[in-house]
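Just so you know, the protein sequences line up as chains A and B, in that order. As numbered in the numbering used here, residues 1 to 179 make up the first sequence, in order. As numbered in the numbering used here, residues 1 to 224 make up the second sequence, in order.
Keep in mind that the hints were calculated from the coordinates and are not lab data. Any given hint could turn out to be false.
To be verified - So the derived label-pair ranges between C-beta atoms look like this:
1) ARG69/A to ALA69/B: 48 to 54 Å
2) ASP86/A to ALA19/B: 21 to 27 Å
3) ALA69/B to ARG71/A: 53 to 59 Å
Said to hold, decoys possible - Straight-line Cα separation of at most 25 Å, SDA-like style, residue types lysine to any residue; simulated pairs:
4) LYS134/A to SER27/B
5) LYS58/A to SER27/B
6) LYS164/A to ALA39/B
7) LYS175/A to SER27/B
8) LYS134/A to ARG21/A
9) LYS65/A to LEU14/B
10) LYS65/A to ALA19/B
11) LYS58/A to HIS217/B
12) LYS58/A to GLY15/B
13) LYS134/A to ALA19/B
Stated by the list, open to error - Short derived list, chain A residues pointing at chain B, Cβ under 10 Å:
14) ILE144
15) THR162
16) ARG171
Here the structure is a predicted model, which is why all the values come from computation and not from measurement. C-beta atoms are modelled at their ideal positions from N, C-alpha and C, and glycine is treated no differently.
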Amino acid sequence: MHGFADSLTGGLVSADDELDREFEARLTESSTLAFRVAYGVLRHRQDAEDVAQEAFVKAYRNFRKLRDRNRFRAWLVRLTWRLAIDRQRADRRRHARDRVQYAAQDSSPTVDGQMVATERAAQLWQAIDTLPEKLRVVVILAGIEEYDLREVARLLDLPEGTVKSRLFLARQRLKEQLQ
Amino acid sequence: MNKQRLGDMTDEVLGRDIARALAVDPSPEFPARVRTRVAEEAAPPVWRISWRMLCFAGGPILAAAILAAAYVVRSRPVDVPVVSSVLAARPIEGTASVPSVTPESLHTEPPESPYVESAFRRTMSGPAKAERHVPSLAEARRQVPGRAETGGRVLDQAPLLDPREMRALRSLIAGVRSNRVDLTPLLQPAGPAPMELPPVDDLVIAPIAIEPLAPQHGAQGERQ
């Protein structure tokens with residue numbers, strides 16, 4: 001695994017070059033996923049990047065021990081989620097949160113429209129924060145994975161039916177709070 | 001605020017809002033930061049493994065190094081000064097063998113031998129003495145005449161004798177072998193004399209008369 005560090009810094013290639021290349025590929029394909037999972041909990045861009053980075057470091061330390069490399073994403077998601085929850089609990093004093101900026105495709109041409117969208121996002125996040133953890137993670141992963149319940153079930157290592165029922169229950173609670 | 005806007009929220013709307021809220025990408029520097037952080041993380045295990053290996057293998061390696069150093073020191077040859085080796089090459093108690101002498105050999109000239117100033121130190125010939133060359137140890141060993149090595153010991157077979165002494169000795173030995181010289185009385189120092197001399201009874205010694213010399217004419221000077 002040391003050769004991975006060398007290759008990252010343009011150094012020599014070690015005997016574990018194949019393993020290093022595999023981790024590099026996993027890092028490339030999963031960096032956004034880890035960041036968004038952390039952001040779904042912390043809603044602070046810099047904190048989310050720090051947590052995701054820490055998750056990758058831990059994953060790197062134990063990558064050799066991972067028997068099924070195809071489960072790297074699920075392993076990384078759970079690791080990132082746990083680190084983000086720990087950070088959130090340890091950082092209760094933080095009050096300043098990033099205000100959610102809707103994506104550029106948001107069709108709010110006026111300043112008033114942007115304010116409305118920002119207010120909607122704040123209410124939404126406030127409602128999500130009230131959900132139990134096992135419902136919250138399903139809602140966030142479903143939003144990240146565009147509601148591919150099979151993929152969410154794979155990431156959480158849960159039956160797909162369980163994910164579906166949890167997502168249904170979470171939506172009911174969110175609607176109750178938002179209405 | 002106005003929950004009226006959220007009042008007609010359906011699953012589709014809720015899902016779209018959540019997806020928008022999570023559609024946040026990391027900064028472009030994020031992957032590079034992660035790679036750098038992982039690269040920094042990769043260095044310590046090398047040292048940890050090295051220190052572990054050093055702890056486990058350090059003892060035997062150190063012991064082997066000490067043993068090797070001790071072996072090298074003990075097997076190292078002692079540097080002997082050149083003078084000492086020269087002296088060591090010469091037998092301290094070496095005996096000079098005298099060549100066999102026959103009567104015929106007495107009439108022949110002894111072989112060319114180096115000029116000898118004394119019986120204890122061989123020198124070069126007299127005229128070449130001023131141009132004496134100090135040879136190295138190897139040259140010195142090659143240049144010594146009559147030197148032979150026997151059983152690892154180096155002996156000088158050329159006698160360190162003066163030629164005159166050598167001739168006298170050869171003459172004596174030849175005389176003894178040809179019975180011209182009888183040395184048996186010398187082997188009996190307490191015995192009687194080989195010749196009986198007649199006793200001297202009346203030994204009369206006439207007084208010596210010295211006549212003064214007559215002065216010669218024309219001689220210069222005259223004793224007063």
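We went through each hint and held it up to the structure:
1. ARG69/A to ALA69/B: 48 to 54 Å: 50 Å Cβ-Cβ, so the 48 to 54 Å window holds.
2. ASP86/A to ALA19/B: 21 to 27 Å: 26 Å, holds
3. ALA69/B to ARG71/A: 53 to 59 Å: 55 Å, holds
4. LYS134/A to SER27/B: 28 Å, violated
5. LYS58/A to SER27/B: 21 Å, holds
6. LYS164/A to ALA39/B: 40 Å, violated
7. LYS175/A to SER27/B: With Cα atoms ~32 Å apart, LYS175/A and SER27/B exceed 25 Å; violated.
8. LYS134/A to ARG21/A: It is violated: about 34 Å lies between the C-alpha atoms, which goes past 25 Å.
9. LYS65/A to LEU14/B: Status violated; Cα separation ~40 Å.
10. LYS65/A to ALA19/B: Since the Cα atoms of LYS65/A and ALA19/B sit roughly 34 Å apart, the hinted pair is violated (cutoff 25 Å).
11. LYS58/A to HIS217/B: Violated, at about 146 Å.
12. LYS58/A to GLY15/B: Violated - the C-alpha atoms of GLY15/B and LYS58/A are around 32 Å apart, more than 25 Å.
13. LYS134/A to ALA19/B: This hinted pair holds, its Cα atoms lying about 18 Å apart.
14. ILE144: 5 Å, holds
15. THR162: 18 Å, violated
16. ARG171: 6 Å, holds
Violated hints, listed in ascending order, are 4, 6, 7, 8, 9, 10, 11, 12, 15; each of the other numbered hints is respected by the structure.
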